[in-house]
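S.K.: These are the residues of each chain, in order.
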Amino acid sequence: MLMHIYLLVDFGVDPKIAVVDSFITHFIFALTSFIIYITLKYYQPSKENFFYIRIWALLLAIGNTFVIVNALQYIYASEADYQSLLSKSIALRFCYQILMVATITLIQWLGNYMLEQQSDGDRKQQSESFTKEAELYNLRQQLQPHFLFNSLNSISSLAGSRPEEARKMIQQLSEFLRHTLRKDEKQLITLEEELYQLNLYLEIEKVRFGNRLKSVVILDENCEKLLLPVLVLQPLVENAIKFGLYDTLGEVEIVIQSKCMDGKWLQISISNPFDPSTHAQNTGTGFGIDSIKRRLYLLYANNDLVQIEMKENLFLVRINIPQT
Amino acid sequence: MKKYTCVIIDDEPLARSLVVEYLLAFSNIEVMQECSDGFEGVKAIAQHNPDMIFLDVQMPKINGFEMLELIENPPAVIFTTAFDAYAMKAFEANALDYLLKPFSKERFHKAIEKMMNQLGSSQDRPAYDALVESANEQEEMLTRLVVKHHQAVVVLPLMDIQYLEAYGDYIKIHTANQVYLKKKTMNYFEQHLNAKDFIRVHRSYIIPAKEIQKIDPPDFVILRSGMKVPISKTGYAKLKGVLGM
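Keeping their order, the protein sequence lines are chains B and U.
To convert a position in the first sequence, counted from 1, into the numbering used here, add 9.
To convert a position in the second sequence, counted from 1, into the numbering used here, add 46.
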């Protein structure tokens with residue numbers, strides 16, 4: 010503003026007039042800035058529409074110059090020297106206005122744009138972590154209603170003939186369900202704990218299927234304290250049992266084996282007999298394995314933690330859990 | 047009082063003993079045999095020709111519906127299953143009854159009463175073709191075929207099929223060493239086999255895409271087995287579509 014006054018005085022304008030000139034110019038400019046601020050606050054054009062902002066800034070600059078020059082012409086109509094200077098300086102004043110308006114618009118637009126980007130990013134991150142949580146929760150909750158209803162039917166049968174065993178099975182089923190339903194503040198549990206829960210499940214299935222189902226657990230004692238995500242083994246064993254029992258006739262042996270690999274990995278393999286000739290029907294893996302694969306991917310961002318092997322009549326799933 | 051015979055088919059021993067226990071209340075119903083899978087079931091039904099069967103749906107190798115398909119003149123069926131009600135709704139109209147596990151004694155008694163009324167009122171057995179048909183309708187795509195060969199039940203992987211041929215009321219299923227018969231329609235197979243893998247090239251023929259050796263347009267396709275299969279105009283168009291010609 011002072012520079013504006015100095016320049017005008019330098020051109021031989023009366024300092025009083027120069028002050029008023031400068032004041033009017035900058036008052037109009039401040040008003041424009043305010044309009045720009047308000048407008049952009051409520052309407053932030055996209056990058057693609059940036060062209061319109063330039064047009065808009067140009068129109069504002071033209072308008073400003075017009076208003077300023079007219080106002081000054083009106084106020085100092087009698088000052089001939091000043092009037093001639095005024096008309097000569099229109100182009101310069103216009104350039105000055107356009108520079109200022111464009112700068113203010115750009116700064117304001119950029120500021121808004123960056124704010125928007127940031128909150129966009131936050132929201133995206135938030136929704137991603139929310140989806141992940143929900144998905145993990147769902148994947149954990151894949152309890153087969155089939156298993157539940159058939160178990161209850163077995164209990165109903167036992168209640169008539171062997172009430173003591175019925176009671177025992179109710180207790181086992183309840184303990185198993187409690188474990189499945191708990192909301193997990195704690196994602197990881199020790200292998201020892203997971204195997205205990207798994208055993209409850211196996212006991213229930215053995216009551217259901219009688220002599221047909223056998224299980225062998227081979228546990229490396231060094232692994233007992235290693236950690237794995239809760240309820241990872243049960244769906245795999247459920248899958249193995251379903252496969253084994255519905256794909257073959259006669260006795261079915263499920264083998265669950267654990268190994269620790271240099272304390273860095275916990276490896277667990279689960280195998281069941283299957284019939285390679287009719288296996289094609291199951292289109293490979295089955296839901297249980299897919300959901301575990303997905304869970305481990307969500308937890309460890311690694312897609313190779315689940316391996317499947319088919320050897321003669323044996324179907325084997327191997328999972329590797331990183332230990333940190 | 048009229049006497050009835052029955053067979054219980056369920057892969058879970060405790061589920062079978064529950065039915066046996068509930069049946070103790072009915073002195074006029076005799077349990078002829080308990081079976082733990084569909085294969086045993088087929089044999090037992092042939093042997094005892096029971097008035098009714100209690101049939102589980104999910105069983106090893108072949109399920110309850112597949113087992114029913116193998117029986118020429120099936121007895122009255124009461125399904126005992128943990129399948130949800132929704133899945134069973136489709137059969138409600140045709141099955142005599144279905145019991146959702148775990149079921150109460152009262153519910154079981156109701157099913158038996160209904161069955162006795164039905165068996166007593168008409169000489170005809172319930173329309174099981176319709177039942178099996180409704181099973182077919184809601185069934186997903188076929189992943190295997192269950193067929194009867196002499197007295198044995200054979201589970202055929204789709205891989206083994208060389209081609210299907212209409213044969214009166216039956217379909218001939220050709221494999222490398224055997225031809226099996228199944229009482230089904232061409233339309234049924236066309237709808238329940240993946241159209242990308244199995245192409246209906248003619249009113250009377252369906253061929254697997256992987257078996258095609260050579261096309262001899264416009265009338266024949268030659269299979270890898272050397273078999274020359276006729277193709278119709280629309281069949282040829284379909285063939286071109288699937289093979290991307």
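Derived from the structure by calculation, the hints contain no laboratory data.
These numbers come from a predicted model, not from an experiment.
From the three backbone atoms N, C-alpha and C, an ideal C-beta is built for every residue, glycine too.
It is possible that some hints are incorrect.
Unchecked claim - Some, not all, of what chain B presents toward chain U, calculated at C-beta under 8 Å:
id, residue
1, 126
2, 127
3, 170
4, 255
5, 300
To be verified - In silico lysine to any residue, SDA-like type, Cα no more than 20 Å apart, as pairs:
id, chain 1, residue 1, chain 2, residue 2
6, B, 215, U, 104
7, B, 97, B, 141
8, B, 215, U, 151
9, B, 141, B, 307
10, U, 151, B, 307
11, B, 251, U, 151
12, B, 56, U, 59
S.K.: Going through the earlier hints one by one, which of them does the structure break, listed in rising order?
M.R.: 1, 2, 5, 7, 8, 10, 11, 12
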